[in-house]
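Given next are the chains, with one letter for each unit.
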Amino acid sequence: MALLSIRDCTIQFGGLTALNQFTCRMRSGELLGVIGPNGAGKTTLFNVLTGIYAPTSGAVEFENTSLAQLKPHQINRLGIARTFQNIRLFGDLTVEDNVLLAMHRSIQTNLFAISLGSRRYAREANLAHRRARQLLSEFRLDAFANRPSKSLPYGDQRKVEIIRAMATQPRLLLLDEPAAGMNATEKRELMTFIRHINKDYGLAIVLIEHDMHVVMNLCPRIIVLDHGQQIAEGPPEAVRRNPKVIEAYLGVQPTP
Amino acid sequence: MIDPYFQLILLRCGVAAIMAVSLNLINGFTGQFSLGHAGFMAIGAYVSAAVSVFLAPHAGEFVTQVWFLIALLSGGIAAGLMGLLVGLPTLRLRGDYLAIATLGFAVIIRVVILNLDVVGGARGMTDIPELSNGYWIFGTLAITVWIINNLVYSIKGYALTAISEDEIATASIGISTTKYKVMAFVVGAFFAGIGGGLYAHLESYLNTNSFTFLRSFEFVAMVVLGGMGSITGSIVAAFILTILPEALRGFDQYRMIIYSLMLIVLMLTRPTGIFGRRELWRWNRGKT
Amino acid sequence: MEIFLQQLVNGISWGSVYALIAIGYTMVYGVLKLINFAHGDVYMIGAMTGYYVALTLGVTESHPLWHLGVVILGAMVVCALLGVAIEKIAYKPLRKAPRITALITAIGVSFFLEYAGQLIFGADPKFFPQLIESRPLFHIGDVAITTIPAIIVVVSLILMGILRHIVMHTNVGRAMRAVAFSPDAAQMVGVPVDRIISITFIIGSALAGAAGVLVGLNTPKIDPLMGIMAGLKAFVAAVIGGIGNVPGALIGGFFIGISESMVSGYLSSTYRDAFSFLLLIIILLVRPEGLLGKRSVEKV
Ligand SMILES: Nc1ncnc2c1ncn2[C@@H]1O[C@H](COP(=O)(O)OP(=O)(O)OP(=O)(O)O)[C@@H](O)[C@H]1O
Ligand SMILES: [Mg+2]
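Protein chains in written order, with numbering that gives the first Met the number 0: chain A, 0 to 255; chain B, 0 to 287; chain C, 0 to 299.
FYI, nobody ran anything at the bench for these hints, they're computed from the structure. Incorrect hints may appear among the rest.
Cut-off 25 angstroms, straight-line C-alpha distance, at most; resulting in silico cross-link-like pairs (PhoX-like, lysine-lysine) [what the hints assert, rightly or not]: (1) K178(B) <-> K70(A); (2) K149(A) <-> K198(A); (3) K298(C) <-> K178(B); (4) K95(C) <-> K298(C); (5) K32(C) <-> K95(C); (6) K220(C) <-> K32(C); (7) K32(C) <-> K125(C); (8) K186(A) <-> K198(A); (9) K293(C) <-> K32(C); (10) K32(C) <-> K87(C); (11) K293(C) <-> K70(A); (12) K298(C) <-> K149(A); (13) K149(A) <-> K125(C); (14) K91(C) <-> K32(C); (15) K125(C) <-> K70(A).
Based on the sequences and whatever the hints tell you, model everything.
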């Protein structure tokens with residue numbers, strides 16, 4: 000059974016076709032890379048998968064459930080979580096509160112009881128705090144737990160955003176250029192981190208990345224988009240040598 | 000005893016604080032800019048006054064107090080229901096449209112009351128029993144603060160702050176932004192209704208002129224001055240902005256000018272207000 | 000039928016006033032994505048300026064139209080200056096700030112003008128001098144079309160014609176449309192964005208100033224708070240037409256003016272104000288982009 004299946008997805012903005020007849024299937028636990036020049040439609044693909052944009056035509060199914068008509072929060076509840084190209088943490092909330100909020104579904108007490116000071120909520124909150132700390136410490140971010148997330152260095156903010164997405168307990172994680180703006184050490188750390196959540200949590204991941212080194216090393220399978228069109232698909236080696244890919248990237252400097 | 004005039008001012012401060020804290024839940028914490036808070040206050044004021052005047056039996060002290068509670072709750076619930084009615088359709092709108100839509104609703108509410116002869120229409124409503132005293136007003140303020148504090152600083156309640164920062168990101172972690180926005184709106188309207196009820200039974204006289212756009216603007220000024228997202232700030236600002244005009248004699252002419260200049264200068268120099276998003280009782284949280 | 004025609008005439012003359020104000024809202028919204036709450040008060044200042052200019056000139060029998068022209072021009076100039084001043088002092092520093100911050104500032108500016116106006120002009124209404132003698136021009140059925148509504152409509156149409164020419168056929172207009180489309184992109188291709196924003200305020204405010212004088216002709220009672228309701232309704236007109244869209248503001252203005260007059264004529268004038276807002280709310284729910292606006296998807 001495919002975890003995710005996208006069939007003939009097309010999305011247009013006015014005259015611009017940002018995604019054209021895109022088709023793709025994904026197994027659970029897979030780590031899939033998506034690359035392509037600027038404006039190729041990569042982020043648009045994520046936006047379609049998470050219900051932010053409605054495709055003009057085509058179908059998306061996650062674990063055999065159609066995503067058409069579903070709102071973004073419903074899609075997340077089905078098991079798809081994402082990060083954003085331009086980090087979208089809640090800057091005024093602390094790092095821990097960002098993660099806690101993502102775990103809101105583990106709090107069973109309703110808002111009415113919470114606002115009247117429910118004991119049960121206090122217990123649940125305690126538990127949630129512990130889990131959030133654990134998750135943060137696993138990625139060596141617990142030292143920052145009580146700082147407003149906007150005060151963190153850029154690379155750490157990206158990590159917190161990934162942890163926040165993971166805290167919703169998804170089965171598919173969409174990462175939009177997680178390495179952007181990171182230095183070499185941070186990138187190396189990030190790669191270990193992504194491999195870890197893919198292997199040890201068994202989480203399927205779609206990785207959009209401009210850094211070829213990162214994608215080629217992490218992803219056994221890579222899809223190349225250009226002008227909304229899939230122009231190549233396959234293992235890193237094949238993709239690298241594909242003449243269409245080379246042409247699409249002509250003039251774009253691939254990082255060694 | 001305290002001088003009765005000063006006492007009255009203090010009680011008005013208490014009512015203003017309830018109004019400001021409840022508006023802060025909507026405008027500050029949740030970031031949904033409402034300009035119609037006086038409309039919900041009006042509903043609470045008129046409904047509770049009507050309950051007191053037309054329904055409450057003339058019996059002993061205890062019964063009177065119980066009926067006052069019923070009157071207040073009726074006002075709050077009526078305002079809350081109106082909040083639901085207003086909120087469900089309008090909360091889909093973007094920030095500035097929402098501001099105008101809520102302002103519009105407040106105008107509509109006022110015009111409807113103005114045409115209701117049972118509650119005095121344009122003449123206003125008189126002889127409302129003067130039941131609002133320090134216990135009622137400050138007791139209610141304490142409960143309001145306690146409930147809103149429990150709400151906004153709970154794990155689920157962080158959703159409100161999250162919505163005020165970034166709705167798309169909030170939805171991306173599985174939170175129905177609509178549900179939370181409507182909830183904040185209804186709870187805010189409910190407490191505004193209660194505040195209106197206390198106001199009616201404090202002044203003992205109601206007229207729709209007390210619930211114009213100007214009144215909504217005063218509450219907005221309090222929320223902004225205190226800090227959008229600070230309960231402490233709203234209370235402090237409600238006291239400041241209620242006492243200030245009384246303290247300076249002949250100030251009335253300048254009051255609105257000073258309010259408006261204050262808002263402009265605040266926005267240009269310190270848009271976070273006095274307290275930002277801090278509370279006296281959680282001062283060190285989220286500090287770097 | 001007579002009521003209908005009478006209210007129609009009334010509605011058209013109010014409609015052209017709303018349209019003139021609405022254009023300012025819509026243009027500023029176009030370039031800044033800001034509801035310039037103070038715009039209604041600029042219109043009030045226009046009426047006040049017109050009042051003082053007219054008083055200074057005194058009444059002449061010989062050239063009433065020239066007279067009117069001078070009064071309108073005076074109001075337009077003063078409002079234009081006021082408009083840029085507001086933009087430079089209150090809005091420019093907040094270009095990059097959250098929209099709510101700018102909105103609160105705009106509300107602040109609006110209240111400031113209203114209450115500073117009360118302090119300076121006095122809170123009591125003033126009576127606009129009769130610049131034009133009201134007499135019937137021609138009849139439609141039993142209803143006489145008099146000079147004043149006719150002049151209001153003609154002056155409005157002339158001003159809108161000039162505006163249309165500026166927006167569609169001059170470099171300034173092209174630059175304005177570029178800024179409305181994307182300030183960053185406009186900056187990049189060398190459009191002097193700051194100057195274009197100022198010019199937008201100048202044009203919008205000048206039109207509001209003219210509207211103030213035209214209202215003075217029609218309903219001579221003017222006061223410092225007159226801009227609140229008129230401004231809000233003009234804003235409603237702009238939203239109904241599709242905010243950011245100049246022809247939309249025109250349509251919206253006439254729509255509000257006429258339907259409001261009908262409500263006063265057939266129901267009761269107490270419902271007039273509530274009615275416009277009801278219309279607004281319905282429009283926002285059914286077609287939030289307005290009659291002529293385009294729906295846009297937020298880029299993520
Ligand atoms: N909401 C929208 N409205 C109009 N056009 C859009 C919208 N969202 C995306 N586009 C356009 O769709 C195309 C694809 O954009 P997308 O963001 O998916 O590219 P990308 O592959 O993620 O590029 P990058 O590497 O720069 O992030 C671009 O031309 C973009 O301008
Ligand atoms: Mg992208």
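Taking the hints in turn, this is what the structure says about them:
1. At most 25 angstroms may separate the alpha-carbon atoms for a hinted pair to count; K178(B) and K70(A) meet this at roughly 13 angstroms.
2. Annotation: proposed proximity of K149(A) to K198(A) is violated, straight-line Cα distance about 30 angstroms (limit 25 angstroms).
3. Only pairs whose Cα atoms come within 25 angstroms are accepted, and K298(C) paired with K178(B) is accepted, the gap being roughly 23 angstroms.
4. Restraint check: the Cα-Cα separation between K95(C) and K298(C) comes to about 18 angstroms, which is no more than 25 angstroms; the hinted pair holds.
5. Taking the CA atoms of K32(C) and K95(C), the gap is near 11 angstroms; set against the 25 angstroms cutoff, the hint holds.
6. A distance of roughly 33 angstroms separates the Cα atoms of K220(C) and K32(C); the hinted pair therefore is violated under the 25 angstroms criterion.
7. Taken as a hint, the K32(C) and K125(C) pair is broken in the structure, with Cα atoms around 35 angstroms apart against an allowance of 25 angstroms.
8. A hinted pair counts as satisfied when its Cα atoms are at most 25 angstroms apart, and K186(A) with K198(A) qualifies at roughly 18 angstroms.
9. For a cut-off of 25 angstroms, the pair hint linking K293(C) to K32(C) stands: about 15 angstroms separates their Cα positions.
10. This hinted pair checks out: K32(C) and K87(C) have alpha carbons roughly 16 angstroms apart, not beyond 25 angstroms.
11. A threshold of 25 angstroms between alpha carbons decides the hint, and for K293(C) with K70(A) the separation of about 23 angstroms falls inside it, so the pair holds.
12. For the proposed pair K298(C) and K149(A), the alpha carbon gap of about 22 angstroms is at most 25 angstroms, so the pair holds.
13. Restraint check for K149(A) and K125(C): the C-alpha separation of about 54 angstroms exceeds 25 angstroms, so the hint is violated.
14. Annotation: proposed proximity of K91(C) to K32(C) holds, straight-line Cα distance about 13 angstroms (limit 25 angstroms).
15. Restraint check for K125(C) and K70(A): the C-alpha separation of about 56 angstroms exceeds 25 angstroms, so the hint is violated.
Checked against the numbered hints given earlier, this structure breaks hints 2, 6, 7, 13, 15; the rest are met.
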